[in-house]
Amino acid sequence: MTSGRFQRIMFAIYVAMFFAYLLGPLVVMAISAFNTPEYPQVWPLEGFTTDWFGRLFADNDLMEGFRTSLWIGLLVVCISVPIGLAGAIVMTQIATTARSFYYLVVVSPVLTPGVIIGISTVVFWREFTLVTGTRFLYDGIILTVLGQSSFISAYCMLIVLARLQRFDRSQEEAALDLGASYPQVFLHILLPYLKPALFSAAVLAFLSSFENYNTTTFAILSDKSLTTVLAGRVRQGSTPSISALATLIVGVTIVAAITYEVLKRRDDRRARERQVAAIRAEEAELSLATAQ
Amino acid sequence: MRSIYVIMLLPLVLIAAFWLIARLEGPAASTRPGFFQRNGIGIGLYLIIAVGFWAIFIIILPMVYMVDLSFRPKLPPAQIGGPKDVYTLENYRFFLFGSTTSTANWNWIHINAFFSTIAASIVITLLNFVICYPLAYHMAQSAKLESLRVLLLLLIIPYWVNDILRAFALRVLLSTGGVINQALAGLGLTSEPIDFLAANVGLYTGLSYAYLLLMIFPLYNAIESLDKNQIEAARDLGAPWWHIHTFIVMPHAKPGIASGCTLVFMLCTGAVATPMVLGGPSTLWFTPIVYDRFYELFNWPQGAAYAFLLLMACVLFVLTVLRLTGLKLGEIAR
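Line order of the protein sequences matches chains A and B.
The opening residue of the first sequence carries number 1 in full-length UniProt numbering; numbering runs sequentially from there.
The opening residue of the second sequence carries number 1 in full-length UniProt numbering; numbering runs sequentially from there.
Honestly, the hints are just simulated from the structure, not real lab data.
Ideal Cβ positions, reconstructed from N, Cα and C, are used throughout, including at glycine.
Honestly, I wouldn't trust all of these hints.
What the hints assert, rightly or not - Cβ-to-Cβ under 7 Å is the rule here; a few derived chain A residues that face chain B:
#1 Pro25
#2 Val28
#3 Thr36
#4 Pro40
#5 Ala98
#6 Tyr103
#7 Ser120
#8 Ile141
#9 Ser149
Build the full structure now, drawing on both the sequences and the hints.
Laid out in structure tokens, this is it:
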């Protein structure tokens with residue numbers, strides 16, 4: 001039994017080291033965000049301050065970048081979720097011989113480095129807007145939205161597809177037998193069924209867009225997004241303001257993750273209660289049937 | 001003629017090909033309702049326009065145009081589409097020889113950067129697999145539900161912190177005045193600070209750190225679907241632990257392993273933020289060189305050629321992974 005115990009201790013050490021590696025740098029950075037020296041410093045703790053957070057909100061470029069990133073994120077959600085939905089539905093309807101080729105095309109952006117997506121978007125739209133006389137479309141925000149949409153739509157499609165594959169076709173057939181038209185089936189049966197998937201796709205799309213740097217840095221042209229401003233600041237040198245920003249993001253993530261967890265637990269409990277109730281009802285029905 | 005006009009014809013060919021395939025499959029499909037009958041005109045149009053715009057204008061045309069541009073010379077705007085706008089290999093020649101005309105000397109800086117980027121990415125990918133596999137296995141097979149939730153929560157929190165900020169966090173740790181150097185000096189182990197960033201330790205740690213979670217989630221998902229009874233059965237039959245992993249868990253988790261490795265490799269070779277923040281003065285990474293072609297030298301055809309080389313490296317990696325594991329693309333990209 002001692003070897004089992006030894007193994008367990010070794011494993012505990014490994015898990016501790018893993019999380020120290022994963023979370024340690026973030027904790028250290030968070031500490032430096034509250035320390036007074038000009039350079040992000042953890043030790044010695046010279047004094048507690050929240051000035052660095054204040055400077056963050058006074059930094060106009062950063063705030064402008066933040067607003068631009070919000071806009072880009074919202075536009076990406078508006079484009080990627082409908083495209084992802086359409087992509088998933090087409091996947092279930094397309095002729096089987098064409099399906100693998102179609103899959104290759106629409107999934108390829110997920111496996112392409114973001115820089116290359118950014119580059120190809122910029123070079124193509126520069127030429128396209130030039131020859132079609134639509135120069136006003138050659139704009140950093142529009143290009144960034146287009147570039148990010150290529151792979152974020154694919155994420156959305158994969159999420160929708162995962163749920164679509166569990167869709168019970170007989171529901172659709174029942175509706176059709178009862179005289180519903182195909183568009184009605186789409187609007188009143190398929191869409192409500194896909195709603196949770198569409199919601200998670202929207203959240204994921206926004207978050208992926210908001211934190212994207214690789215595609216954005218090429219496609220943003222002369223505009224500024226939060227990540228490109230941030231990259232510029234980091235390149236100029238380290239200041240605790242950057243630590244403060246990261247700490248804010250980590251804080252927001254923790255709150256969001258815990259809220260999600262709590263909501264999910266509540267949902268799970270409800271689902272379990274409903275299941276138990278359903279089983280009881282079934283048993284009651286059965287006992288009635290046998291009694292008769 | 002400007003090449004974009006030719007390229008714009010490509011979607012027409014593609015649509016024709018799809019239409020033809022649908023036609024050829026006609027007899028089998030004739031019992032099913034047609035596309036517009038099936039979806040109604042409005043929704044049918046929405047599906048076609050959304051998917052068509054995405055596939056053609058967002059995915060295919062930009063990529064094809066980029067490849068075309070990489071085989072063109074750099075010309076002033078007035079001469080584009082003129083007699084001098086011909087296909088050429090000069091951008092690729094520049095990558096190899098550092099000159100568009102002469103082939104006397106090799107362009108070692110760029111060649112070195114390209115291959116060391118790929119080699120380092122492969123090493124980091126394998127390293128991340130080794131780091132993540134035990135935890136993924138534990139989470140998927142033996143963790144209790146309560147502790148699993150805590151573990152997942154702890155993993156998700158750093159997941160949404162941006163690349164740049166993660167790299168910055170490591171810089172706070174690893175710089176010459178950083179925490180680790182302070183600790184080493186405090187313990188009396190070093191008399192002078194070690195420059196981790198110049199020695200590329202910072203860069204490699206940063207890349208491994210940034211993409212750790214992209215390895216662990218696919219692994220976890222793949223191992224989770226393995227039936228616990230299979231492992232129990234093997235153990236009962238006396239299989240040693242490494243047998244269980246190499247012959248039962250890993251073959252089952254192959255799609256997850258392949259997709260984790262592909263993602264980590266792809267993100268490493270294409271990383272821009274991490275080399276920028278954690279690279280030392282002598283660090284050679286390929287993406288900053290590509291970036292400079294565009295926004296320092298404004299030589300877009302050359303930049304396109306460099307980007308295409310990087311893309312080819314990734315395609316080659318994916319193909320190798322598919323060949324080694326015997327999987328299909330659909331099993332990796334999920």
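Going down the list of hints, with the structure as the test:
At about 4 Å, the closest approach between the beta carbon of Pro25(A) and any beta carbon in chain B falls short of 7 Å, and the interface hint on this residue holds. Contact between Val28(A) and chain B, as hinted, is supported at the beta carbon level, the nearest pair being about 6 Å apart and thus within 7 Å. For the restraint placing Thr36(A) at the interface with chain B, the shortest Cβ-Cβ distance is roughly 15 Å, beyond the 7 Å limit, so the hint is violated. Interface restraint check for Pro40(A): the shortest CB-CB distance to chain B comes to about 5 Å, inside 7 Å, so the restraint holds.
With 7 Å as the threshold, the beta carbon of Ala98(A) comes within range of chain B, its nearest partner Cβ sitting at about 5 Å, so the hint holds. The restraint placing Tyr103(A) at the interface with chain B holds, with a minimum CB-CB distance near 6 Å, inside the 7 Å limit. Hint status for Ser120(A) relative to chain B: holds, with the closest Cβ pair at about 4 Å, below 7 Å. Interface hint at Ile141(A): violated, since its Cβ lies 15 Å from the closest Cβ of chain B, which is beyond the 7 Å cut-off.
Annotation: interface hint on Ser149(A) holds; nearest CB of chain B at approximately 6 Å, less than 7 Å.
Going through the hint list in order, the structure does not satisfy hints 3 and 8.
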